[in-house]
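Protein chains: 2
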Amino acid sequence: MRGDVMARKPASDRVLDAAVSAFSELGFHGTSTREIASRAGMSPAAVYTHFSSKEELLFEIARRGNERFLALLHRAAAQGVTPPERLASIVYEFALFHARGHIGARVVNYELPALTTEHAQEIKALRRQMVDVVRSVIEAGLQTGEFDTPDPSMTCVAVMTMGQDVARWYREDGRWAPEEIAAHYRGLVLRMLDAKL
Amino acid sequence: MRGDVMARKPASDRVLDAAVSAFSELGFHGTSTREIASRAGMSPAAVYTHFSSKEELLFEIARRGNERFLALLHRAAAQGVTPPERLASIVYEFALFHARGHIGARVVNYELPALTTEHAQEIKALRRQMVDVVRSVIEAGLQTGEFDTPDPSMTCVAVMTMGQDVARWYREDGRWAPEEIAAHYRGLVLRMLDAKL
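Quick note, the sequences are listed as chains C and A, same order. Residue -15 is where the first sequence starts when you use this note's numbering, and the numbers rise one by one after that. Residue -15 is where the second sequence starts when you use this note's numbering, and the numbers rise one by one after that.
Fair warning: there could be bad hints in the mix.
[As the list claims (entries may be wrong)] Only pairs whose alpha carbons sit at most 30 Å apart, straight line, appear in this in silico DSS-like list of lysine-lysine:
#, chain 1, residue 1, chain 2, residue 2
1, C, Lys180, A, Lys38
2, C, Lys38, C, Lys108
3, A, Lys38, C, Lys38
4, A, Lys38, A, Lys108
5, C, Lys(-7), C, Lys38
6, A, Lys38, A, Lys(-7)
Since the hints were derived computationally from the structure, they do not count as laboratory data. This one's a predicted model, so the numbers in the text were calculated from it and none came from an experiment.
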């Protein structure tokens, strides 16, 4: 069954899926190209026809992953009208995604030190855009008086940190469903900003 | 200068210091025993007289690190009288430690998947004790009516997560001093629990 599903995907996507699963289990440095090839059901030589190196694979995973995060934040922010509604939606969707997609999110968030300087710069630029989405909503709420915080930038860091860290501690056999975590975190963040709802 | 300081320490501590710096820069899997030996100023063979494997080194770092975290939480909790005072102290000291000791804390918090199952169990037991300290203060505050939260366990996870994640994003050349982060996080957490001060 799983083999069938894998086979329908383009070969380069199969390599990426295999690399995500290997990196999340074994870490970037603990994963060989042979291991990735074996999980993708192809030869190491075939892997190299799609990606020139293991680092390039990690970069592609990080680029796609962070682009998805950024799109998700934009979509979530657009779901509300007032700043508290927009931030509520952002926190809910961000936490939900980090719980449901915890395997990929762990790689995207925690294996970045293994990137080359140039690739790391590109990913950092994406992540700065993500922070900007959240901070602009917080600042809008400060302007309207619906939020209160002595340091919007540091509060923004805390908000993103909470969501991202869900990918590290979330367990599929744990006590909380992704939706419960998302709803609880939404409540915590609105209180952190003393939101007037 | 640094060599002098290193030389005064017992050899096994020098190996541990060298391993922390190597693991935090290169990751556990990216670090060779030769690299650790070179940073400790000794031969690989000399490293093996102190630790039988790289994993045992990581375990010793994790055990010492988490024991320090646990002692810090107990000390911090004892610094206040009311639950809000005790939690304020916990959050401040925990965040401060994760900023100041970010290099070691990163290894202690993020390299744990590389431990053997048995060693991981021992570390998890220590971490459960850490969670218990924080949760018992939150529950005491719920009893007295000084805190309010719909799910004390999940709030406890969020509180610890925020502090731990400081070690991941904190930069010595960044815009905030450890004390500023600690003070801001203390305020955020007291709001998360709607603390009556």
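Hints, one by one, checked against the model:
1. Proposed proximity of Lys180(C) and Lys38(A) is contradicted: the alpha carbons are some 53 Å apart, above 30 Å.
2. The hinted pair formed by Lys38(C) and Lys108(C) meets the criterion: a straight-line CA distance of about 19 Å does not exceed 30 Å.
3. The hinted pair formed by Lys38(A) and Lys38(C) meets the criterion: a straight-line CA distance of about 24 Å does not exceed 30 Å.
4. Of the pairs offered as hints, the one joining Lys38(A) and Lys108(A) holds, with about 19 Å between alpha carbons and a cut-off of 30 Å not exceeded.
5. At roughly 20 Å between alpha-carbon atoms, Lys(-7)(C) and Lys38(C) fall within 30 Å of each other, so this suggested pair holds.
6. With a C-alpha separation of about 20 Å, the suggested pair Lys38(A) and Lys(-7)(A) falls inside the 30 Å cut-off, and the hint holds.
The structure is inconsistent with hint 1 alone, although it conforms to all the rest.
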